[in-house]
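Q: Sequence:
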Amino acid sequence: MNVTEIKAAVDAGKSVHWANEGYRVHRDTLGQYLITYVWNGSTIGLTDRSGRRLNGDEADFFTSVSTRGADGEQGREVRGATSEGHPDAETG
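So for the sequence shown, this note's numbering puts the first residue at 23; every next one is plus one.
The hints are simulated quantities; they were obtained by calculation from the structure and are not laboratory data.
Yeah, the Cβ is synthetic: ideal placement off N, Cα and C, and Gly gets one too.
Among the hints, a few may not be true.
To be verified - In silico DMTMM-like links for lysine to aspartate or glutamate, alpha-carbon gap of 20 Å or less:
#1 K29 to D82
#2 K36 to E80
#3 K29 to E80
#4 K36 to D82
#5 K29 to D50
What the hints assert, rightly or not - Simulated DEER-style distance windows between Cβ atoms:
#6 T51 to A81: 28 to 36 Å
#7 S72 to E27: 14 to 22 Å
#8 A34 to E80: 17 to 25 Å
#9 H48 to D70: 15 to 23 Å
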C-alpha cells in the first residue's frame with residue numbers, strides 16, 4: 023500500500039497495520055497519521071516530515087477485517103498483503 027492508499031483506508035475506518043497486527047496505523051485528533059505498537063503505545067509518524075516517504079516499506083502495510091466463522095468464532099482475514107519478494111517468504 024502506498025501513502026495515499028493507507029490514508030484513504032484509515033479515513034474509511036478500515037483496520038490498517040504495518041508489519042503485523044501489533045502495529046496499528048491510525049489518525050489522531052490533530053489529523054496526524056501514526057503507527058502505534060498497541061502493546062506498549064510506542065508511536066511514530068506514518069511518514070517522514072515531508073509527508074512523502076513512509077516509515078516502512080509499502081509492501082509491509084495491510085488491512086485486516088474481523089470475520090466470524092460458521093462456528094461463531096471470531097477470526098481475522100488479512101487483505102492487501104503479499105509476501106512475494108520478501109526475504110522471509112521462503113520460511114514457514
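Q: Would you mind marking each hint as holding or not holding in the structure?
A: Now for the hints, and whether the structure bears them out:
Taken as a hint, the K29 and D82 pair is honoured in the structure, with Cα atoms around 15 Å apart against an allowance of 20 Å. In summary, the hint linking K36 to E80 is supported, as the alpha carbons are separated by about 17 Å, within the 20 Å threshold. Restraint check: the Cα-Cα separation between K29 and E80 comes to about 12 Å, which is no more than 20 Å; the hinted pair holds. A hinted pair counts as satisfied when its Cα atoms are at most 20 Å apart, and K36 with D82 qualifies at roughly 16 Å.
Distance restraint check for K29 and D50: the Cα-Cα separation of roughly 12 Å lies within the 20 Å cut-off, and the hinted pair is therefore satisfied. For T51 and A81, the hinted distance range of 28 to 36 Å is satisfied, since their beta carbons lie about 30 Å from each other. Range check, S72 to E27: Cβ separation about 18 Å, and the 14 to 22 Å hint holds. In this structure the hint that A34 and E80 lie 17 to 25 Å apart at CB holds, the actual value being about 18 Å.
Checked against the hint of 15 to 23 Å, the C-beta distance between H48 and D70 comes to roughly 18 Å, which is consistent with it.
Comparing the model with each numbered hint stated earlier shows that all of them hold.
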